[in-house]
Amino acid sequence: MLLHSLLPVRFTAMAFARATAALQGLWHGLAGACTLPGMDEDDVRQRMSTWRQAWPDVNVEPEKVVEFVRSRLSDTDLEEVHGPDLYLACGCLYGSPSAIEAFDRGFLSHVPDFIRRIDRSEAVAQEVQQILRERLLVGTASSPPRIADYAGRGPLMSWLRVVAVRVALELQRSRKPAVPSDEGQAEGLPATDDPELDYLRVRYGTEFREAFTESLTALDPRQRTILQLYLVDGLNIERIGQVYQVHRATVARWIAGTRDELYDETRRRLREKLHLDAAEFESIVRLVRSQLDVSVRRILEEGATE
Amino acid sequence: MGCLDDNEVVDFMEGRLDASRREAVEAHLADCATCRRVLARTAEALLPTGSDDAAQEPFLAPLRGLLPGDQVGRYRVLHRVGAGGMGVVYAAEDTELRRNVALKLLRADPSQPAGVLGARLKREARAASLIQHPNVVPVHDVLALEDGSPVLVMDLLVGESLRVKLDREAPLSVRETAEILLPVLSGLQAAHALGVVHRDLKPENIFLSVTATGERDVKIVDFGVAKLTALDGPAAQSAGMTDTGALVGTPYYMSPEQAFGEKNVDARADLWAVGVILYECLAAKRPTEADNVGQVLKALAHMSFPALETVAPSVPPGLAALVAGLLKERSLRIPTAEEAKKRLAEAVSSQEQPIPPRTIRWPRWLALGLPLTLATAGLLWGVGFPSTTESPAAPSADSASSPTVHVVDSTPMPSFAPIPTPPSASTAKPVPPARSAPAPRTHANPSITPTPSAVPPATQDPTKLMIQPPF
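Same order as they appear, the protein sequences are chains R and H. Position 148 of the first sequence, counting from 1, maps to 148 under the numbering used here, and the rest follow consecutively. Position 323 of the second sequence, counting from 1, maps to 323 under the numbering used here, and the rest follow consecutively.
Derived by calculation from the structure, the hints in this document are not laboratory data. Among the hints, erroneous ones may be present.
[Said to hold, decoys possible] Label-pair ranges, simulated between beta-carbon atoms:
no., chain 1, residue 1, chain 2, residue 2, range
1, R, ALA278, H, ASP18, 17 to 27 Å
2, H, LYS298, R, LEU73, 41 to 51 Å
3, R, ARG120, H, MET303, 27 to 37 Å
4, R, ARG175, H, ARG22, 47 to 57 Å
5, H, SER304, R, GLY234, 38 to 48 Å
6, R, GLU101, H, ALA284, 53 to 63 Å
7, R, ARG173, H, SER304, 20 to 30 Å
8, H, ASP5, R, TYR94, 56 to 66 Å
9, R, ASP113, H, SER304, 55 to 65 Å
10, H, ALA284, R, TYR94, 56 to 66 Å
[What the hints assert, rightly or not] Going by beta-carbon spacing under 10 Å, a handful of chain R positions derived as facing chain H:
no., residue
11, ARG70
12, LEU86
13, LEU137
14, ASP149
15, PRO155
16, VAL162
17, ARG166
18, LEU235
Yeah, the Cβ is synthetic: ideal placement off N, Cα and C, and Gly gets one too.
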C-alpha cells in the first residue's frame, strides 16, 4: 500500500528530475550552441548571417552550424576558418535540399576538371561524381555523410579536389589489370644496345641496385619526395613549385641538385662495393649516368607498387 | 605518422602546416606512394595542363648540366661552383694550359637553332675577347654543348659579387661606391670604345675579386653574354620574369630602350645600368623597386621614380646630379662612360680627397676572411646565389662539391692578366696546375673511354659536340 501510495510520488519526482535535467540540458545546449570561444550570442548570430549571405537560398539552423563549427575549432582560430564553406557543408550534412543543390551545382560540377589528368573519359567523370554524391551527401547506416570530415581550414573546393582525386585513383586501381613484371627490372638498370655494357648491367645489377637504393634513402625526405613527384608521379616543376610555394626555377635547381647528389653517391657506393679495375668501373658508372633517370623511375616505381 | 587525410593534404599544399608538422608530412610523403600520388594528381588539378618542362627548363633535359670529370673541349670539369638564373658555373681544369678556369654553362635560347646560336656565339665571343682591360674579365673561349647550350670559359675568380655585398651592407658610403663604380666605368669605357655593349650590367655582374696576392679588384663579368642568351631585346622582358623568377631576373637595371624592345641599343644602355647601381649603392634600394615586372616597366615608361636626393639626402649634390643625368631618357642621358667617370670622380673629390681609381682598400676582415668564408659559401661571379629561402635541397646540391670549392678557392690563382684568345697550346706557356685534377682515369678500352687527347681542341668548331663522356 505504502509502495502504491509512494509510486506516483516517485514517478512524479523522477519525471520532475528528468524534466529538470532535460530543461537544463536544453538550456545549456542552447546557450552553448549559440556561442563560440570568445564570442557572445549576438556576435555568433551576426557571423552566421554573414556566412549565410554566400548562400542566400540555404537555410540552416544557426545552432547546428555553431555546433558544426565548434567541433572543428580545436586547433583553428575562428578567424581562419572558411565560414561560408562550413555553413554550406553543415547544410549538406543535415540534408538541406537547397544546400545539397548548391553543393552539386557549385562544387561537384567541377569534378571532371579535377580528375581529367587521371582519366579523361566522360563516363568515369560521371561515375566519380556519383560516388562523391553518395559518399559525401548520403552516407551509410554505419557512417554519416563524409562531408562531415571537412575541417574548414582550407576552402571546401580544395578539399573536394583531394577527395575527388582519391576516388578517381581508387576507381583506376580497381580497374587496372596487374602489370606483368618486367624482365629487366631485377637488375635495376635498363637494357642497352651495347653488348659490353649489357654484360656489366647484368653482372653488377644487384650491386648497382643496392648502391642506388642506399643513396636514395640517404637523401633527405623532401629531396626524395620531389624527385619521386617529378620522375615517378610525372608532376611537372610548375606544379611542384605550387605545392612547395616556390618558383619553378627553384624546383628545377632542386631536382638537378638531387640528381647530381644521387649520381655522386651511387658512384661512391659502387666503388666501395665493386672491386673492379678502373676501366670497368668507369664503364658501369657511365652506364649509371646515362640511364640515371630511367633507373630512378624504374626502381622508385617498383618501390611504390610494393 | 599515418597517411594524410584530405584536410591535411590541403593544409600541406596551401602552406598551413607549422614547421614540425610539415616535416612529419614530408617524411611520410617520401615513403608513401599512395599519399604522394594523391598529392601529385591534386596538384595537377590546380592548373590547366601545363607545357613541357624540358622546353621550359633546359636544366631538366636528360643529362642536364655537367658532372665532375666531364670533358668539354679541352676543359675537364672539377666541380660545380654555383647556379643561378643565368646558368651554372663549374670549376674546370684547362688540360692544355694546366690551370683552373671557370666554365659558365648558359641556358640555350630555345628559339634559336643550334647552328644559328653557334655562329652568334663565335661573333659575340670575338667581340667580347677584344676587350683587354684590367676591370673586365675576358672570355677566353666559347663552346657549345650538343643541345646548343653556350659554355663560356673565363677566369676562376675569388671574391664576391656586388650583389652579395649590397645585400649585406647597403647603403654603401660615397667613397666605397666610387671605389667600385670608377673601375666599372673604366672597364665600360674600354669596351664601348670597341663598340661592345654589356647590355646586362647589374650588381651580380660586378665582381669584387681578391687576387692571388691578396689585392682587391673590381671586375665586370659576362660582357656580351646578354646577346648569347634570350636576355636581350623584347625577349628580355619575359625572360626576366619567367626564367629567373623572384627579383633576380626582374629588369631593374634595364634601360627603357631595352625594356621596350628597341633594336639599336647602344653604350648608353650600360650607363643607365650604372645609374641604377649607383642609386642602389647609395640609397639601398633601386629607383624602380616594385613588386612585379609590370610595375617596373610602368615606372620606366613614365620615368617615375624618386630622385636620389629624396631617398638619400646625405648624398653630395654633384653625385645626385650625376645619377639623375644617367637615369634619363636616352637622348638626354650622359652619353659616355668617360664623362660619367669624370663626374663621379669630381663629385666624390668635392666631398673629400680624390681617390686613385684602382687603388682599393677593402676592409681588413674582408681581406683576411674572404677566401675562406666565401669559398665555403659557394661563391662565384655572375651567378645569382640561391637564396636561403629557396630550399634545404639547393644547398645540399652544392654541398657535395663544397670541400673541393674550398680547396680551389683558397689556392693562389693564376694572374688575372688577359690571356690571348684563343690560347694556343704551341704558343702558350704551360702554367702549373693550381690544383690537381681528380684521380687520373685510365682507359683500358678506348672505344668506350676516349682519352682527353682524343678530344678535339675547343676552338676548332664550337658548334660541334664538345662534351665527351668522362669515362
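Hints, one by one, checked against the model:
{"no.": "1", "hint": "R:ALA278 - H:ASP18: 17 to 27 Å", "verdict": "violated (50 Å)"}
{"no.": "2", "hint": "H:LYS298 - R:LEU73: 41 to 51 Å", "verdict": "holds (44 Å)"}
{"no.": "3", "hint": "R:ARG120 - H:MET303: 27 to 37 Å", "verdict": "violated (51 Å)"}
{"no.": "4", "hint": "R:ARG175 - H:ARG22: 47 to 57 Å", "verdict": "violated (34 Å)"}
{"no.": "5", "hint": "H:SER304 - R:GLY234: 38 to 48 Å", "verdict": "holds (46 Å)"}
{"no.": "6", "hint": "R:GLU101 - H:ALA284: 53 to 63 Å", "verdict": "holds (57 Å)"}
{"no.": "7", "hint": "R:ARG173 - H:SER304: 20 to 30 Å", "verdict": "violated (58 Å)"}
{"no.": "8", "hint": "H:ASP5 - R:TYR94: 56 to 66 Å", "verdict": "violated (22 Å)"}
{"no.": "9", "hint": "R:ASP113 - H:SER304: 55 to 65 Å", "verdict": "violated (42 Å)"}
{"no.": "10", "hint": "H:ALA284 - R:TYR94: 56 to 66 Å", "verdict": "holds (58 Å)"}
{"no.": "11", "hint": "ARG70", "verdict": "violated (17 Å)"}
{"no.": "12", "hint": "LEU86", "verdict": "violated (12 Å)"}
{"no.": "13", "hint": "LEU137", "verdict": "violated (16 Å)"}
{"no.": "14", "hint": "ASP149", "verdict": "holds (7 Å)"}
{"no.": "15", "hint": "PRO155", "verdict": "holds (8 Å)"}
{"no.": "16", "hint": "VAL162", "verdict": "holds (4 Å)"}
{"no.": "17", "hint": "ARG166", "verdict": "holds (6 Å)"}
{"no.": "18", "hint": "LEU235", "verdict": "holds (4 Å)"}
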